[in-house]
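Generate coordinates for the entire structure from the input sequences, incorporating the hints supplied.
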Amino acid sequence: MAGCLVLLFLAFLSISGNADVSIDCGASGNYTDENSIVWIGDDGMFKDSTLSGVVRSSNTVSHVMSTLRVFTSQKKNCYSIKADKGRLVLVRASFFYGNYDKKSSPPSFDLLFDGNNWATVTTTLDNEPIIYEVMYFVKSDTTSICLAQTKPNQFPFISALEVRSLDSNMYGIVDPNYALFVRARTAFGANSTIRFPEDGYDRIWVPAGIGSGLVSVASDAKLIDVANAPDNPPREVLQNAITTSFSPSSIIFNPKFPFFLHVSVYMIFYFSEVTKLNSTQKRSFNVYINNIKASEPIIPPYGEAKEIFVSFTASATTSISLVSTTDSTLPPLINAMELFYVSDRLITDGSIVKSTPSGGRKTGATFPSFIIILSIVGYFCCKK
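When the letters of the sequence shown are read in order and numbered with mature numbering (1 follows the signal peptide of the UniProt record, and there is no 0), they come out as residues -19 to -1, 1 to 365.
Calculated directly from the structure, the hints in this document are not laboratory data. Predicted model, so just to flag it, every value in this text is computed and none were measured. Accuracy of the hints is not assured; some may be wrong.
Claimed, not checked - Below, simulated BS3-like cross-link-like pairs (lysine-lysine); rule was C-alpha separation at most 27 angstroms, straight line: (1) K287 / K203; (2) K132 / K83; (3) K274 / K237; (4) K56 / K84; (5) K63 / K120; (6) K132 / K56; (7) K287 / K274; (8) K66 / K120; (9) K132 / K84; (10) K237 / K287; (11) K257 / K287; (12) K203 / K263; (13) K263 / K287; (14) K120 / K56.
What the hints assert, rightly or not - Taking CB as the label site, the calculated pair distances span: (15) D206 / K83: 48 to 58 angstroms; (16) T123 / F227: 53 to 63 angstroms; (17) G67 / S226: 45 to 55 angstroms; (18) Y283 / S43: 29 to 39 angstroms; (19) E277 / G10: 46 to 56 angstroms; (20) K83 / K203: 52 to 62 angstroms; (21) K203 / T174: 18 to 28 angstroms; (22) A297 / N16: 33 to 43 angstroms; (23) N134 / S193: 41 to 51 angstroms; (24) L106 / H44: 14 to 24 angstroms; (25) P211 / N172: 23 to 33 angstroms; (26) H44 / F227: 44 to 54 angstroms; (27) I280 / P133: 53 to 63 angstroms.
The beta-carbon is built from N, C-alpha and C at its ideal position, and this holds for glycine as well.
Written as structure tokens, this is what we have:
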């Protein structure tokens, strides 16, 4: 690789659950946060003394975001983290500008993993961090997360970097030669964000706003068995759901897919009936993509989890809906959802390529904004 890369060889932390390493960039020392996650600082870990030191923001949204590491030398700087070859990992990179340099000029730069271009990070003056997530299989005994300067005097920085090991049989429908860019991970009807320790893999499940005609419902099951869901959702995301206030009906998803290209999408739905139905009641519905049936009839089990996945090529006009079957007496419901864009085939030789979502028209530009959706009010609607 060109330039002198900064290497951080970080031993895996022994943390309960499957949490591996959480780096509070720009910080010194270790601490445990309110979610029982152990954070380590990266201060003093760099071998290249030309890198800038800790830069502290006076305008912060959380303790983790109160420091950042900014790179003013080299065109590319990398964190190299030990990992098990063949392991499926979730990597989360967070960026909070916070006007740390008092210039009111948030930079833009590239983010890469293992030589593959992940995203162009475009930071803002907003008082919210920008978060990117990707899941992929590690090809060697380390994984590298790199920041690359692409514009003069716009210096890359990072506020936090997290790596989590997932069970290798999770998300098994995806070829190991491709990555999943997280677009949304939603807990419908939830009152707060769900993550570690409720989710042992520290996936972040964000509550969804309720669109017109939708209602939140809570499960009355004492325990929800998730053993039949291959991607191991936390029980907490199945304790609530959204449905419509009338039947028969549909729940319509409006994910705002990009206008300028087609993307390969992998979507997972999680269902659990919220109450024990009597003999006269039936809840049954199908997933439709562009008004074409994409699933067998779905009957959510009470006290258990049912997982359904669909994959398709999407564009700005793609529609997704849950539609009641003709014999259903109750409207559709949904408890949780994950939505990913699928990358092009990954490189493994250390060279750098632009990795647009599979099926996308290559424009020479990085696909923008693989950002976790933090607010999706109006994301869903319903119709009779």
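So, going through the hints one by one against the coordinates:
| no. | hint | verdict |
| --- | --- | --- |
| 1 | K287 / K203 | holds, 17 angstroms |
| 2 | K132 / K83 | holds, 19 angstroms |
| 3 | K274 / K237 | holds, 20 angstroms |
| 4 | K56 / K84 | holds, 21 angstroms |
| 5 | K63 / K120 | holds, 11 angstroms |
| 6 | K132 / K56 | holds, 10 angstroms |
| 7 | K287 / K274 | holds, 18 angstroms |
| 8 | K66 / K120 | holds, 5 angstroms |
| 9 | K132 / K84 | holds, 16 angstroms |
| 10 | K237 / K287 | holds, 26 angstroms |
| 11 | K257 / K287 | holds, 15 angstroms |
| 12 | K203 / K263 | holds, 21 angstroms |
| 13 | K263 / K287 | holds, 16 angstroms |
| 14 | K120 / K56 | holds, 24 angstroms |
| 15 | D206 / K83: 48 to 58 angstroms | holds, 54 angstroms |
| 16 | T123 / F227: 53 to 63 angstroms | holds, 54 angstroms |
| 17 | G67 / S226: 45 to 55 angstroms | holds, 48 angstroms |
| 18 | Y283 / S43: 29 to 39 angstroms | holds, 38 angstroms |
| 19 | E277 / G10: 46 to 56 angstroms | holds, 53 angstroms |
| 20 | K83 / K203: 52 to 62 angstroms | holds, 54 angstroms |
| 21 | K203 / T174: 18 to 28 angstroms | holds, 24 angstroms |
| 22 | A297 / N16: 33 to 43 angstroms | holds, 36 angstroms |
| 23 | N134 / S193: 41 to 51 angstroms | holds, 46 angstroms |
| 24 | L106 / H44: 14 to 24 angstroms | holds, 21 angstroms |
| 25 | P211 / N172: 23 to 33 angstroms | holds, 27 angstroms |
| 26 | H44 / F227: 44 to 54 angstroms | holds, 45 angstroms |
| 27 | I280 / P133: 53 to 63 angstroms | holds, 59 angstroms |
In this structure, none of the earlier numbered hints is contradicted; all agree with it.
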